[in-house]
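Number of protein chains: 2
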Amino acid sequence: MTTDLTTELEEMGRRARAASHLLAGFTTMQKNNALLAVAQELELAIDTILEANAEDVSRAESHGLSGAMIDRLRLSPTRIKKMADEVRNVAELPDPVGKQLVRWIRPNGIEITKIRVPIGVVGIIYESRPNVTSDAAVLCLKTGNATILRGGSEAIASNKAIVEALSRGLEESGLPRDSVQLVPTTDRDVVPIMAGMDQYIDMIVPRGGHALIEAVVTHARMPVIKHYHGVCHLFVEQAADLDMAVDITVNAKCQRPGVCNALETLLVEEPVAKAFLPLAAKSLKQQGVELRGDDATRAILGDDCLPAEPADWTAEYLDLILSIRVVPDFAAAVEHINHYGSHHSDAIVTENTMLAEQFLNQIDSATVYWNASTRFTDGNEFGFGAEIGISTDKLHARGPMGLEELTTYKYQIRGEGQLKQ
Amino acid sequence: MTTDLTTELEEMGRRARAASHLLAGFTTMQKNNALLAVAQELELAIDTILEANAEDVSRAESHGLSGAMIDRLRLSPTRIKKMADEVRNVAELPDPVGKQLVRWIRPNGIEITKIRVPIGVVGIIYESRPNVTSDAAVLCLKTGNATILRGGSEAIASNKAIVEALSRGLEESGLPRDSVQLVPTTDRDVVPIMAGMDQYIDMIVPRGGHALIEAVVTHARMPVIKHYHGVCHLFVEQAADLDMAVDITVNAKCQRPGVCNALETLLVEEPVAKAFLPLAAKSLKQQGVELRGDDATRAILGDDCLPAEPADWTAEYLDLILSIRVVPDFAAAVEHINHYGSHHSDAIVTENTMLAEQFLNQIDSATVYWNASTRFTDGNEFGFGAEIGISTDKLHARGPMGLEELTTYKYQIRGEGQLKQ
Chain A
743 MTTDLTTELE
753 EMGRRARAAS
763 HLLAGFTTMQ
773 KNNALLAVAQ
783 ELELAIDTIL
793 EANAEDVSRA
803 ESHGLSGAMI
813 DRLRLSPTRI
823 KKMADEVRNV
833 AELPDPVGKQ
843 LVRWIRPNGI
853 EITKIRVPIG
863 VVGIIYESRP
873 NVTSDAAVLC
883 LKTGNATILR
893 GGSEAIASNK
903 AIVEALSRGL
913 EESGLPRDSV
923 QLVPTTDRDV
933 VPIMAGMDQY
943 IDMIVPRGGH
953 ALIEAVVTHA
963 RMPVIKHYHG
973 VCHLFVEQAA
983 DLDMAVDITV
993 NAKCQRPGVC
1003 NALETLLVEE
1013 PVAKAFLPLA
1023 AKSLKQQGVE
1033 LRGDDATRAI
1043 LGDDCLPAEP
1053 ADWTAEYLDL
1063 ILSIRVVPDF
1073 AAAVEHINHY
1083 GSHHSDAIVT
1093 ENTMLAEQFL
1103 NQIDSATVYW
1113 NASTRFTDGN
1123 EFGFGAEIGI
1133 STDKLHARGP
1143 MGLEELTTYK
1153 YQIRGEGQLK
1163 Q
Chain B
743 MTTDLTTELE
753 EMGRRARAAS
763 HLLAGFTTMQ
773 KNNALLAVAQ
783 ELELAIDTIL
793 EANAEDVSRA
803 ESHGLSGAMI
813 DRLRLSPTRI
823 KKMADEVRNV
833 AELPDPVGKQ
843 LVRWIRPNGI
853 EITKIRVPIG
863 VVGIIYESRP
873 NVTSDAAVLC
883 LKTGNATILR
893 GGSEAIASNK
903 AIVEALSRGL
913 EESGLPRDSV
923 QLVPTTDRDV
933 VPIMAGMDQY
943 IDMIVPRGGH
953 ALIEAVVTHA
963 RMPVIKHYHG
973 VCHLFVEQAA
983 DLDMAVDITV
993 NAKCQRPGVC
1003 NALETLLVEE
1013 PVAKAFLPLA
1023 AKSLKQQGVE
1033 LRGDDATRAI
1043 LGDDCLPAEP
1053 ADWTAEYLDL
1063 ILSIRVVPDF
1073 AAAVEHINHY
1083 GSHHSDAIVT
1093 ENTMLAEQFL
1103 NQIDSATVYW
1113 NASTRFTDGN
1123 EFGFGAEIGI
1133 STDKLHARGP
1143 MGLEELTTYK
1153 YQIRGEGQLK
1163 Q
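Residue numbers (our numbering), protein chains in the order written: chain A, 743 to 1163; chain B, 743 to 1163.
Bear in mind the hints are in silico, worked out from the structure with no lab data behind them.
A few of these clues could be false.
A pair counts as met if it fits within one copy or between any two copies, since identical chains are not told apart.
Listed next, the in silico DSS-like pairs over lysine-lysine satisfying Cα-Cα at most 25 Å (straight line) [as the list claims (entries may be wrong)]:
#, residue 1, residue 2
1, LYS1162, LYS824
2, LYS902, LYS824
3, LYS841, LYS1024
4, LYS841, LYS856
5, LYS823, LYS1024
6, LYS1016, LYS1027
7, LYS824, LYS1024
8, LYS1027, LYS1162
9, LYS1162, LYS1016
10, LYS856, LYS1162
11, LYS1024, LYS1162
12, LYS968, LYS823
13, LYS902, LYS1016
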């Protein structure tokens, strides 16, 4: 790692820390006005941003990037207007900062108040989509956090143009320019250096593939909120309404297979397997889903179902593929999910209230469903108004991560000269 | 690192994970009954524990450990009875697990409930005091968490005897024996191996000195809740009640200087420095406190005050030493504290309500005081009933860490077949 790069990043860290202390003192109205100015600057900069984006896209094409990658990278006037609208949407949301969480008075008269405060400096490390630049920075601004953004190298020109627009909006509104900083280089050493800067960065959110998250987790000295994969399960218990079970299976698998809350493994309790599996298979086949089952499943479905390999039980296909297993009983289903799952979103379909409640309690996942599709694990579906992502971690933020999860708390204590006895 | 050791620790991890899934299903009454059985087994094992402890103490003496170290290591019938009483105290406390934090219904009819649940498996890595073994394990048990304990090598025999007693209590009560496991070896490779086991350990709490915490932070892949140092400040603002300011200074510095919430740096606003410093110095000198001041302080106090070096502004003395600085104004005090402090506990003394509120908001510390001693940063003083420590981290747990901070949450969603549109 070059010393120069370390020095440059540490200087960004110092400036971010200073900006975060100032940001914490701005009112909700000041922050919202700044967000509205940012939205306007984004719209005014459409031509500049598109020009920078065209540069990124042509470089990506000459490097032979896949069509899907280029699609994620490419901006349009509509996409930039959508970015600006999203910023205005965040301005409308309630500000969690300053909220009194609890207050009590001790026998010695000291008054303890626990209030929500910004975290401080948030590092965001992400891959190709340039709209993450604006979305993540703005959610952090709303909650009084400074950000250091490190986007994918493919989007560097677009990201610079977007941050330029954000900075103009901040300056017009009197907020510190250093509230949002983009790492200007695409040097690969940036990730390990940033991950080691726990004196300046309070939390890192990596948004991207497995390799990126691994690199951050391996080097990070500060808390990392991971947005990992979702190996989501649906368990069809013997007292299930089988029509509902088919509908939820198809919805959770097919409505949008490429996302983390889509279904990957179907578990069916043995007594209903013969009645349920042919029904489910028929609907899934109509949607073009490839089935991979254990022996018991294949004994029922025959050649409509390929044999599952051990790797299928931990696979996040993100595609029209579904693994299926017949389980002897409720306990075996719970054990399978807690063992093979990724603790993201798991569901049971049953009319047995007692077993449903047991499932809701025993499954060790961020979001556990009874008679509903796993696809609802999402900040907007939860009514959070905006989300920075879906945390697969257990501490600080678990599941959909909205504005509240971009804050922490502190204790304010008011006394009249109390001394410790 | 030896493969054998890794295999052994991973096997402990697997057993802890399995125990944690069972533990999450026990009722508060079952857990409390187990705690009472544990307390009784500790008292029944007094002779065995003392015998093991004598072995540790004589080894420590032959290795030439300091008297203070040996004092921390040594148990007595009274100390073991106190351990047992502490376990009974924890049984009396309310159980945070299962508490509904918030519940709402979405327009599509799904009902979302956010409830407190155990974290899962907690790793505790600590140094010489054997009572941590019982205290930490029991707080985790109460909150439904399994623990993997790694105590100091000096206390290995005592810790084994204590965990034996805990295990007997668990078995009598039908709780999984693997709920509490002690790493049986004192191999130095244990810390890096444990810190890498994020598939089995959800959170690590290191309790000990700087080197121990550094080793854990460097290797940890899972969240670490640090109990770091406290460089605590008191700012005497120009509108302070000077008598109150002297009392708080002396209390915060002298009542128990060796703890993390004791005062280390005194800041005095210039207009009151001449009136306040001689008063404070007189009382501090009576308590035997060594003063180290900047030039402005020494201009007032003369030879009663040694010159402060740059290192004094970040020092945690844990001793009867106090650094003193005269600051030109309120902003300079805030900047000094946010820059040099450790974000633990900081106080202002003033009769100016507006400035006090600004201080409470602008100081970026876990606990911020107005007209009270910093010594109140403590789970018992907060009324938590018990504490696992004082977190110097910002996320998940900040400041005094009680039972609630040993839990996380999950979302339970109840539907009637809802599908994502």
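Going through the hints against the structure:
1. LYS1162 x LYS824: So LYS1162 and LYS824 pass the 25 Å test across copies only (22 Å; inside, 56 Å).
2. LYS902 x LYS824: within (18 Å within a copy, 61 Å between copies)
3. LYS841 x LYS1024: The answer is neither: 52 Å in one copy and 42 Å across copies each exceed 25 Å.
4. LYS841 x LYS856: both (9 Å within a copy, 19 Å between copies)
5. LYS823 x LYS1024: For LYS823 and LYS1024, neither the intra-copy (42 Å) nor the inter-copy (67 Å) Cα distance is at most 25 Å.
6. LYS1016 x LYS1027: within (17 Å within a copy, 86 Å between copies)
7. LYS824 x LYS1024: neither (39 Å within a copy, 66 Å between copies)
8. LYS1027 x LYS1162: between (71 Å within a copy, 20 Å between copies)
9. LYS1162 x LYS1016: neither (70 Å within a copy, 27 Å between copies)
10. LYS856 x LYS1162: within (21 Å within a copy, 37 Å between copies)
11. LYS1024 x LYS1162: between (72 Å within a copy, 20 Å between copies)
12. LYS968 x LYS823: Neither. Shortest intra-copy (29 Å) and inter-copy (44 Å) distances fail the 25 Å Cα cut-off.
13. LYS902 x LYS1016: Result: close neither inside a copy nor across copies, 58 Å intra and 53 Å inter.
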